[in-house]
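Now for the letters of each chain:
Number of protein chains: 2
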Amino acid sequence: MDEKTLEATALELIENKQYTKLKSFLKDQNPYDVASLMEEINDVDLTLVFRILPKDNASEIFSNLPSEIQEKLINSFSENELRKVLDELFLDDTVDLIEEMPANVVSRILKNTDPQTRKRINEVLNYPDDSAGSLMTIEYVFFAKDMTVAEAMKKIRQVGFVKETIYTCYVTEFRKLIGTVELLDLITADEDAKIEDIMDTNVIYVNTHDDQEEVANSIRKYDLMAIPVVDNENRIVGIITVDDIIDVIHEETTEDIQKMAGISPTDESYFNTSVFSHAKSRIPWLLFLMLSATLSGAVINHYESLLVSIPILFSFVPMLTGTGGNCGSQSSTIVIRSLAMDEIEFKDFFKVMFKEFRIALLVSFVLAAVNGVRIWFVYRNDADINSALLGFVIGLSIIATVILAKTVGCVLPMIAKKLHFDPAIMAAPLISTIVDACSVFLYCNIAIKIFDILG
Amino acid sequence: MDEKTLEATALELIENKQYTKLKSFLKDQNPYDVASLMEEINDVDLTLVFRILPKDNASEIFSNLPSEIQEKLINSFSENELRKVLDELFLDDTVDLIEEMPANVVSRILKNTDPQTRKRINEVLNYPDDSAGSLMTIEYVFFAKDMTVAEAMKKIRQVGFVKETIYTCYVTEFRKLIGTVELLDLITADEDAKIEDIMDTNVIYVNTHDDQEEVANSIRKYDLMAIPVVDNENRIVGIITVDDIIDVIHEETTEDIQKMAGISPTDESYFNTSVFSHAKSRIPWLLFLMLSATLSGAVINHYESLLVSIPILFSFVPMLTGTGGNCGSQSSTIVIRSLAMDEIEFKDFFKVMFKEFRIALLVSFVLAAVNGVRIWFVYRNDADINSALLGFVIGLSIIATVILAKTVGCVLPMIAKKLHFDPAIMAAPLISTIVDACSVFLYCNIAIKIFDILG
Chain F
1 MDEKTLEATA LELIENKQYT KLKSFLKDQN PYDVASLMEE INDVDLTLVF RILPKDNASE
61 IFSNLPSEIQ EKLINSFSEN ELRKVLDELF LDDTVDLIEE MPANVVSRIL KNTDPQTRKR
121 INEVLNYPDD SAGSLMTIEY VFFAKDMTVA EAMKKIRQVG FVKETIYTCY VTEFRKLIGT
181 VELLDLITAD EDAKIEDIMD TNVIYVNTHD DQEEVANSIR KYDLMAIPVV DNENRIVGII
241 TVDDIIDVIH EETTEDIQKM AGISPTDESY FNTSVFSHAK SRIPWLLFLM LSATLSGAVI
301 NHYESLLVSI PILFSFVPML TGTGGNCGSQ SSTIVIRSLA MDEIEFKDFF KVMFKEFRIA
361 LLVSFVLAAV NGVRIWFVYR NDADINSALL GFVIGLSIIA TVILAKTVGC VLPMIAKKLH
421 FDPAIMAAPL ISTIVDACSV FLYCNIAIKI FDILG
Chain W
1 MDEKTLEATA LELIENKQYT KLKSFLKDQN PYDVASLMEE INDVDLTLVF RILPKDNASE
61 IFSNLPSEIQ EKLINSFSEN ELRKVLDELF LDDTVDLIEE MPANVVSRIL KNTDPQTRKR
121 INEVLNYPDD SAGSLMTIEY VFFAKDMTVA EAMKKIRQVG FVKETIYTCY VTEFRKLIGT
181 VELLDLITAD EDAKIEDIMD TNVIYVNTHD DQEEVANSIR KYDLMAIPVV DNENRIVGII
241 TVDDIIDVIH EETTEDIQKM AGISPTDESY FNTSVFSHAK SRIPWLLFLM LSATLSGAVI
301 NHYESLLVSI PILFSFVPML TGTGGNCGSQ SSTIVIRSLA MDEIEFKDFF KVMFKEFRIA
361 LLVSFVLAAV NGVRIWFVYR NDADINSALL GFVIGLSIIA TVILAKTVGC VLPMIAKKLH
421 FDPAIMAAPL ISTIVDACSV FLYCNIAIKI FDILG
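Just so you know, the protein sequences line up as chains F and W, in that order.
Start counting the first sequence at 1; every next residue gets the next number (the numbering used here).
Start counting the second sequence at 1; every next residue gets the next number (the numbering used here).
Isolated chain F, as found in the complex (with noise of 0.2 Å):
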């Protein structure tokens, strides 16, 4: 059944309040799909719903819905159903709902969690945003290095169930990570070996302070399903799944993107941010960059008598200032992907420069040769305009201006990672405001020389 007849039969049995008949309905339903369903069903029936979901995956189904929806549920929750529900979630989808709710919805969560959870939840609210700590959970099942396959078979099959995964299991001595072991080798090896025998002592890791894109870097690279979190006396203190590291490569990916085009990243979806949300989002970098602008103003007035004396002159600067700042762009795009996924370190900065710098020779040589072909075609019968002199203008223009875009695009990214800031705010819009008016200036002053020394 696709989503949307779902969506179409729960609604219409809720409509006609034929509850028995939705319950056995939504039994058989994948939670995700129930959540999804959720979002649809007016505030009144909401909390009626919910409670006649199946109890085994309403939890699950609880932390799959948006925040506002979970914020309605909480508040008509008695403090017994709350408790219920809280019980039964991981330790990081409690904490994610504790940072997207207000004051008095945390404290009533808090309220109903047990003491030993709630130091947890703290601690894990305490690591710096978007770390592993931050991203990870504790319900990892872990071994003693002398235990047997059948006694960690057995520990397996009590807690397994409440686990995030039981498909890696991780092998602590003095809570120390010493090793890890595939769910596929425990049920393969004799039931009377020891984990020190079957276990994996190549455990990659990470640190509780990492930040989420080196954990999203060494899950793809290594193909993990979960990797574990240690902290500084290499304790394991958690792990993340990989399906919660999807999540993060997306929301990584769409704030980049976001910030390439100067957009304060929001973590709301289109439709559910305000229009005035997404204006102040958008405001602050247009100011910036519609300020700067006037600097290539204020070049095109200190060549105002240049431009009045030859006007054809003006109609090249949209062309001109377009190509660098589609050439810095192109540029600096390219050296943020590679950035982020740590095929160009700061290490290779002239390597990257060179590199670009051959790339604009070979690219400004083209468009110079076919700016000066359209120029010479569309203005070689004009007595007034000397087209030759106008094409090598323009051409050796285009080449001053293709060579430092790329150079200017590629250097910047660079440098604010150095600096620690984010190499993505060094993208198209900023590469494109220095460009312009770098361009401009250079065109005005190549076309002073020239048209001095051979006009």
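Treat the hints with care, since some could be wrong.
Any copy will do: because identical chains look the same in the list, a pair fits if it lies in one copy or spans two.
[What the hints assert, rightly or not] Lysine to aspartate or glutamate pairs mimicking EDC-like chemistry, simulated, CA-CA at most 20 Å apart:
1) K4 with D342
2) K355 with E15
3) K163 with E182
4) K347 with E7
5) K347 with D452
6) K27 with D45
7) K27 with E182
8) K351 with E40
9) K221 with E7
10) K154 with E191
11) K23 with D45
12) K145 with D197
13) K194 with E100
14) K355 with E173
15) K17 with E213
16) K155 with E182
17) K355 with E268
18) K221 with D93
19) K418 with E173
20) K221 with E251
21) K221 with E39
22) K221 with E68
23) K163 with E151
24) K163 with D185
25) K355 with D267
26) K347 with D56
27) K351 with D192
28) K449 with D43
29) K221 with E268
30) K55 with D185
FYI, nobody ran anything at the bench for these hints, they're computed from the structure.
Note that the structure is a prediction, hence the values are computed from the model and not measured.
Go by the hints and put chain W onto chain F.
Just chain W, lined up with the frame of chain F:
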């Protein structure tokens, strides 16, 4: 041990020809790290090092090497060695290999695979690029519904090591997919229970012809470790695992980001792409945009007399076109990303337009007001310039430009999606070029009208 130390140690051992030491050293390393290390070894030692790799992960290391090193190795392999490596590869990795190798290497590969695998390779190669079929692997575990849990576990123990994942197994009846079983449920179930009693019949799957982006969205939405791929008769033909999907997400995102910056997408990393290939992937859009920008030039030419008579007007052109370009790329970026994330569909066309229109109103009033203040401040004592009138012209032009830019920016990607083009091409570069010409035209007309009426 971090990657750098690992590399240094290994390279030193190779240098000193201490191959026995190297062999035992490499045995303890992660296959992915060894693959990175292999990239640093010179051609002479490469085959030698490969031959002393531990037998049980030589193929895994091989599948993680860049294609040029794989090619060098295959060319140095005997037929026997090649067969051994191919025997251990998963089908999806063999297909990837075939897609990268030149024809003579491909025929050697096909000669050294058994007829049945060859048939399956051909099937996978026949699926469209970027489809679920071209991405899947056939190494999954399946059960009949009347098998007992004990029988199923026995099967996993026998075949598990040559399967991509055993953590989700598939239940089939006449090859049709009828359910899934999680390994966790298997190991906690009663040994005599029937598979059909513990299987989950609510199966999320994709079709062989579905696009890889849809596959990624399903895996992300339902937090899956693997997704089954079925043909048109609902028969299971393969699975796609989450680690391959993470690579797809990265590839698709990099492609989108490159397209959005006017670059033809390339698969290879920055340094693995030659200067010539870089130039080739950047020139087409630059040329197209450069020639399109002459349109703005033509508009300026047309209004030359206005600009020559009031030269100050010209100095605002970069600011106006810049602001238009930035506004347009903000809207197009947000809409392109939301389309890719399935947050916006074509049916939302007018909803998005109306939202962008209101955002444009808010944004443009702020920008116009700031500019008005700036113009009044800068030109208030300039006897030649009517600063109030100038501020009014610029303000009106900003409002018109922003509304135009945001409309063009949101409309074009949605239309592209509807026409089955990639929305990502309707990004900053193209939008800026269109908005440039339109905003210069609007600006000149507004200036003429206002100076005529009020000047």
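With identical chains, the pair K355 and E173 could be close in the same copy or across copies; at 20 Å between alpha carbons, which is it: within, between, both, or neither? neither (50 Å within a copy, 57 Å between copies)
Alpha-carbon proximity context of K347 and D452, limit 20 Å: For K347 and D452, the Cα distance exceeds 20 Å both inside one copy (44 Å) and across copies (59 Å).
Indicate which option fits the pair K355, E15 if close means a Cα-Cα distance not exceeding 20 Å: within, between, both or neither. neither (65 Å within a copy, 31 Å between copies)
For K355 and D267, with the copy left unspecified, which applies at a CA distance of at most 20 Å: within, between, both, or neither? Answer is between: at 18 Å across copies they meet the 20 Å cutoff, but 36 Å inside does not.
Give the relationship of K221 and E7 under a CA distance limit of 20 Å: within one copy only, between copies only, both, or neither. between (39 Å within a copy, 17 Å between copies)
If the cut is 20 Å between Cα atoms, do K221 and E251 qualify within a copy, between copies, both or neither? Both: 19 Å inside a chain and 14 Å across chains, each within 20 Å.
Can you give me the call for K23 and D45, within, between, both or neither, at a CA distance of at most 20 Å? For K23 and D45, the Cα distance is within 20 Å only inside one copy (13 Å; across copies 66 Å).
Within, between, both or neither: K145, D197 at alpha-carbon 20 Å: Classified as within: same-chain Cα gap 8 Å, cross-chain 36 Å, threshold 20 Å.
Checking an output row: K27 and D45, CA cutoff 20 Å. Within, between, both or neither? So K27 and D45 pass the 20 Å test inside one copy only (18 Å; across, 60 Å).
Alpha-carbon proximity between K194 and E100, which holds within one copy, between copies, both or neither at 20 Å: Neither. Shortest intra-copy (44 Å) and inter-copy (43 Å) distances fail the 20 Å Cα cut-off.
When no copy is named, should K221 and D93 be tagged within, between, both, or neither for a Cα gap of at most 20 Å? Intra 26 Å, inter 16 Å, cutoff 20 Å: inter-copy only.
Same-copy or cross-copy closeness of K347 to D56 [CA-CA at most 20 Å]: Neither. Shortest intra-copy (53 Å) and inter-copy (36 Å) distances fail the 20 Å Cα cut-off.
In this structure, the hints that do not hold are numbers 2, 5, 13, 14, 15, 19, 26, 27, 28, in rising order.
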